[in-house]
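Undergrad: Residues per chain are reported as follows:
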Amino acid sequence: MTARRSWLDRALERGARRLARRTSRRSFLARLGSALVGAGTLPLLPVARARAADPARVAPPDDRNVTGPAGDPTSCEYWRHCAIDGFLCSCCGGTQSTCPPGTEMSPITWIGTCRNPGDGKDYIISYNDCCGASLCMRCRCTRTEGERPVYYTSKNNDLLWCFGTKSRAVHCSVAIVLGQATES
Amino acid sequence: MSRLGLTALVACYLWLRVAPAVAYTPEVEFALNCQGCHLADGAGTPDAGVPALADSVARFLAVPGGREYLIRVPGVAQAPLADATLAAVVSWMLGRFDARHVPPDFRPYTADEVRRLRASPLVDVERVRASLLAELERSTR
Numbered sequence: 000m001t002a003r004r005s006w007l008d009r010a011l012e013r014g015a016r017r018l019a020r021r022t023s024r025r026s027f028l029a030r031l032g033s034a035l036v037g038a039g040t041l042p043l044l045p046v047a048r049a050r051a052a053d054p055a056r057v058a059p060p061d062d063r064n065v066t067g068p069a070g071d072p073t074s075c076e077y078w079r080h081c082a083i084d085g086f087l088c089s090c091c092g093g094t095q096s097t098c099p100p101g102t103e104m105s106p107i108t109w110i111g112t113c114r115n116p117g118d119g120k121d122y123i124i125s126y127n128d129c130c131g132a133s134l135c136m137r138c139r140c141t142r143t144e145g146e147r148p149v150y151y152t153s154k155n156n157d158l159l160w161c162f163g164t165k166s167r168a169v170h171c172s173v174a175i176v177l178g179q180a181t182e183s
Numbered sequence: 000m001s002r003l004g005l006t007a008l009v010a011c012y013l014w015l016r017v018a019p020a021v022a023y024t025p026e027v028e029f030a031l032n033c034q035g036c037h038l039a040d041g042a043g044t045p046d047a048g049v050p051a052l053a054d055s056v057a058r059f060l061a062v063p064g065g066r067e068y069l070i071r072v073p074g075v076a077q078a079p080l081a082d083a084t085l086a087a088v089v090s091w092m093l094g095r096f097d098a099r100h101v102p103p104d105f106r107p108y109t110a111d112e113v114r115r116l117r118a119s120p121l122v123d124v125e126r127v128r129a130s131l132l133a134e135l136e137r138s139t140r
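In order, the protein sequence lines correspond to chains A and B. Going by numbering that gives the first Met the number 0, the letters in the first sequence line up with residues 0 to 183, in that order. Going by numbering that gives the first Met the number 0, the letters in the second sequence line up with residues 0 to 140, in that order.
Note that these hints are calculated values from the structure, not bench results. Heads up, the beta-carbon is just placed ideally off N, CA and C, and yes, glycines get one too. There may be inaccurate statements among the hints.
[Claimed, not checked] Now the stretches of chain A that chain B is said to cover, found in silico as 3 or more residues with beta-carbon under 8 Å:
1) 99 to 113
2) 150 to 157
3) 174 to 181
[What the hints assert, rightly or not] Computed, partial: chain A to chain B, Cβ under 7 Å:
4) 123
5) 162
6) 163
[As the list claims (entries may be wrong)] Restraint-style ranges between C-beta atoms, simulated for each label pair:
7) A:155 with B:119: 22 to 30 Å
8) A:30 with B:103: 50 to 58 Å
9) B:100 with A:182: 27 to 35 Å
10) A:144 with B:81: 19 to 27 Å
11) B:115 with A:12: 53 to 61 Å
12) A:147 with B:112: 22 to 30 Å
13) B:81 with A:18: 33 to 41 Å
14) A:16 with B:119: 53 to 61 Å
15) A:101 with B:100: 37 to 45 Å
16) B:135 with A:158: 26 to 34 Å
17) B:114 with A:13: 49 to 57 Å
18) A:148 with B:81: 17 to 25 Å
19) B:81 with A:158: 20 to 28 Å
20) B:103 with A:183: 22 to 30 Å
Take these sequences, add in the hints, and give me the full structure.
TA: Set out below in structure tokens:
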């Protein structure tokens, strides 16, 4: 155990020293400064203002700009799935935004935001359950970005969201883009 | 620590204090915190116990206690939103979903008012709601 820890210590020390040798603290500060100022002034740009006047609903961004699993609707890593908990409808005979035949989409949903790596923007995502058949059991995903404990029921994805549907049986979940999360 | 480093740290801290979270428009806050149940058009799902906002929510403003009820109701009072944001969202909601019933002398909610009302949540929501609706019924008869 002692030998192993000292090996880990040595490796970490080596890594830290290499990092310190290779990076300039001043350039990091300069970059951090411009990032902070840049992030603060971004909402003032005319683009954000024009969007703010728009109703939230926009066409979903093009997934062809996203590479790897983040662009694959059958993957838990798909960018829209940042807060999904359940079976992906895109693996169960539906798509990332439509229910499989024979199931009914719950009107009541839980809603969060996910960042699209293609354009770096945040989008409002609605996670609707498709109800009326037994659990799909394919592509089980649990991601929890922005999820809150169960006492914030409207922000918790462990709950069953088949309310307002004929059946309370959950089959799978979709991730619908409602719009861009415009800042005020 | 160098003076530059210290200045940068203080600047970061102040910046984080002044601009904590992302501030969204009332419409986006509604989508993130209310729309999941009340739906985008405010239709709600009355069958599942979610009252409609559309053409109905601002009617509460016509009876004594109604203005307060709209903030004290659990979904509003417990929303994970700051007082000022919540005041803006509820004021926006009234005009968006039920402009017809907003009285001409309606003053938008203020952060102070919301803070005060949230501090006394409703213990028996159903009873308060029923009595407000009964009062509304009497006054419009």
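Undergrad: Report holds or violated for chain B covering the region 150 to 157 of chain A, Cβ cut-off 8 Å, minimum 3 residues.
TA: Answer holds; 3 residues pass the 8 Å Cβ test.
Undergrad: Note whether the CB distance of residue 81 of chain B and residue 18 of chain A lies within 33 to 41 Å or breaks it.
TA: Given range 33 to 41 Å: holds, Cβ gap about 38 Å.
Undergrad: Are 3 or more residues of the region 174 to 181 of chain A near chain B, judged by a Cβ distance of less than 8 Å?
TA: Coverage by chain B holds for the region 174 to 181 of chain A (4 residues, Cβ < 8 Å).
Undergrad: Has the hinted range 20 to 28 Å been met by the Cβ atoms of residue 81 of chain B and residue 158 of chain A?
TA: holds, 25 Å
Undergrad: If you take the shortest Cβ to Cβ gap from residue 162 of chain A to chain B, is it below 7 Å?
TA: holds, 4 Å
Undergrad: Given the range 53 to 61 Å, decide if the beta-carbon distance of residue 16 of chain A to residue 119 of chain B lies inside it.
TA: Given range 53 to 61 Å: holds, Cβ gap about 58 Å.
Undergrad: Per the hint of 22 to 30 Å, is the separation of the Cβ atoms of residue 155 of chain A and residue 119 of chain B within bounds?
TA: holds, 25 Å
Undergrad: Just tell me: holds or violated, for the beta carbon distance of residue 147 of chain A and residue 112 of chain B against 22 to 30 Å?
TA: holds, 25 Å
Undergrad: Mind checking the hinted window 26 to 34 Å against the Cβ distance between residue 135 of chain B and residue 158 of chain A?
TA: holds, 33 Å
Undergrad: Min Cβ distance, residue 123 of chain A to chain B: is it shorter than 7 Å?
TA: Cβ of residue 123 of chain A sits 5 Å from chain B, so the hint holds.
Undergrad: Identify whether the interface hint at residue 163 of chain A stands, where standing means a beta carbon of chain B within less than 7 Å of its own.
TA: holds, 4 Å
Undergrad: Return holds or violated for the Cβ distance of residue 114 of chain B and residue 13 of chain A against the range 49 to 57 Å.
TA: holds, 53 Å
The structure meets every hint from the earlier list without exception.
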